[in-house]
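Asker: In case you want the letters, here they are:
Protein chains: 2
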Amino acid sequence: MRKIEIVQGILDANEATAAGNRAVFDQHRCLAANIMSAPGAGKTSFILRTIERLSPHIRIGVIEGDVVSTVDAEKVGDIVSAVVQINTKGMPESCALVADMIHAALKRLPLDNLDLVLIENVGNLLCPAEFDLGEHLKVVITSTPEGDDKPLKYPVIFAQADVVVINKSDLLPYVDFDIDKFTRAVRNLNPRAVFFPLSCKTGSGVDEWVAWLRSQQPVK
Amino acid sequence: MRKIEIVQGILDANEATAAGNRAVFDQHRCLAANIMSAPGAGKTSFILRTIERLSPHIRIGVIEGDVVSTVDAEKVGDIVSAVVQINTKGMPESCALVADMIHAALKRLPLDNLDLVLIENVGNLLCPAEFDLGEHLKVVITSTPEGDDKPLKYPVIFAQADVVVINKSDLLPYVDFDIDKFTRAVRNLNPRAVFFPLSCKTGSGVDEWVAWLRSQQPVK
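Line by line, the protein sequences are chains A and B.
In terms of our numbering, the first sequence opens at residue 6 and continues consecutively.
In terms of our numbering, the second sequence opens at residue 6 and continues consecutively.
Hint data in this document are derived by calculation from the structure and do not stem from the laboratory.
What you are looking at is a predicted structure, and each value in this text was computed from that prediction instead of being measured.
Where is the CB? At the ideal position from N, CA and C, for every residue including glycine.
One should not assume that every hint holds.
Here are the simulated distance ranges between beta carbons [as the list claims (entries may be wrong)]: (1) A:K94 / B:D17: 12 to 22 angstroms; (2) A:K94 / B:V224: 36 to 46 angstroms; (3) B:A21 / A:G14: 44 to 54 angstroms; (4) A:S86 / B:V161: 24 to 34 angstroms; (5) A:R113 / B:P115: 52 to 62 angstroms; (6) A:K186 / B:W217: 28 to 38 angstroms; (7) A:G25 / B:R219: 36 to 46 angstroms.
Straight-line distance between alpha carbons at most 20 angstroms, and here's what the computed EDC-like set of lysine to aspartate or glutamate pairs gives [stated by the list, open to error]: (8) A:K80 / B:D183; (9) B:K94 / A:D154; (10) B:K80 / A:D154; (11) B:K94 / B:D83.
Simulated coverage check for chain A against chain B, where a stretch passes if three residues somewhere in it have a Cβ under 8 angstroms from a Cβ of chain B [as the list claims (entries may be wrong)]: (12) 38-45; (13) 62-75; (14) 123-130; (15) 149-158; (16) 170-177.
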């Protein structure tokens, strides 16, 4: 019982910190997106493609979450200056970003000069669903080689998604992935999610996502 | 502090239960393999291919771990009779199997009549690395579309692996995955792992894995 009480306490504290983060984003009229997926579904490539299309009209900051390593932050740092790396190893929740980590990262971002903050969560379809970060948009990326049954197996994260990206559409001819079956499975959990099938490799479909993201941007 | 002490207590208790599970497997001269990967890397297909090649000479039981759903247990149940489903939702650790869950599952398996138990862990490259289940072999599956940088980002699980399976080798012509780079990255963490590149879709490379697995089987 003691452990369960403590876990509940942690989640309540996280909600409060997340609300504070959201207030900071709103005060700066800065849109924040929390990007989540399984390992290797293409979160970093998706962020790189998004920056390529929106910069410099939209000024973008990135928060990179990883258990260890700075591989992704280095890739992103090549094309955008405002990047903060968070390594979760040794932290009480190492399998996901939590609101406290974002709170600390926000102090290191020039929010007055940013329109959009992209947060790359730890590669995991389970733990990140537990923690609100104070973002405006939850973006869940699935990739076609993972198979179309993921919503059945990881329903919580798909139920929360504002946006579902179906990445690696260029591999559709070579894998067993039925987009209609996948979309129906997400719809059963979540009637409001917006879908973007795309390929970060070829760039196909990225324009549609970027146009939609621009439509969500608050007027500065 | 209190939370960290409790977490340490849970891990110590898990070690003790895992040792008990291992003793039960040994007593029945039953080999146990813990199969771990990211979501969608092909754990279930790998188990199905392994059963196809080894049955009925090797008598196989399967423990299926999922947060929710019985999708995988149903697929496996079509070709093997001894299947136990574990759903981790609502359990204190829902993002991985823990030794207690295996202890309970072993009571429902006919161990006297089994040579091999395949344990399909929850799809996750982080949490399952924390919990010994009492298995003899830790098998980590990576799939080529995930990219070759996964050992840098999820080093703990690759450092522990006895076997590293590189699945979806049929997709190599279409994805950026350098087998040498991947193998070197694992070798840096783990000099003793055995590698099996294979495709559960085409069956290529499965014979090598199955021959090796047979060589690990205790004499009954």
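Asker: Now, for every hint given, state plainly whether the structure supports it.
Answerer: Structure-based check of each hint:
The supplied range of 12 to 22 angstroms is met by A:K94 and B:D17, whose beta-carbon atoms lie about 21 angstroms from each other. Between A:K94 and B:V224 the beta carbons are some 42 angstroms apart, a value that agrees with the proposed interval 36 to 46 angstroms. Our hint of 44 to 54 angstroms for B:A21 and A:G14 is violated, since their Cβ atoms are close to 27 angstroms apart. A:S86 and B:V161 have their C-beta atoms about 32 angstroms apart, which keeps the hinted 24 to 34 angstroms range intact.
A C-beta distance of roughly 58 angstroms is found between A:R113 and B:P115, which places it inside the suggested range of 52 to 62 angstroms. For A:K186 and B:W217, the Cβ-Cβ distance of about 35 angstroms falls inside the hinted range of 28 to 38 angstroms, so the restraint holds. Between A:G25 and B:R219 the CB atoms are about 58 angstroms apart, so this pair departs from the stated range of 36 to 46 angstroms. The hinted pair formed by A:K80 and B:D183 meets the criterion: a straight-line CA distance of about 18 angstroms does not exceed 20 angstroms.
For the hint linking B:K94 to A:D154, the alpha-carbon distance of about 18 angstroms falls within 20 angstroms, and the restraint holds. Pair hint B:K80 plus A:D154 holds up; C-alpha atoms about 13 angstroms apart against a cutoff of 20 angstroms. For the hint linking B:K94 to B:D83, the alpha-carbon distance of about 24 angstroms lies beyond 20 angstroms, and the restraint is violated. Proximity of the region 38-45 of chain A to chain B, defined as three or more residues with a beta carbon under 8 angstroms from a beta carbon of that chain, is established by the 3 residues found.
With 4 residues bearing a CB less than 8 angstroms from a CB of chain B, the region 62-75 of chain A meets the requirement of three and the coverage assertion stands. With 4 residues having a Cβ less than 8 angstroms from any Cβ of chain B, the region 123-130 of chain A passes the three-residue criterion, so the hint holds. Three residues within the 8 angstroms Cβ limit are the bar, and the region 149-158 of chain A against chain B gives 7, so the coverage statement holds. Coverage of the region 170-177 of chain A by chain B holds in this model, with 3 residues showing a Cβ closer than 8 angstroms to a Cβ of that chain against a need of three.
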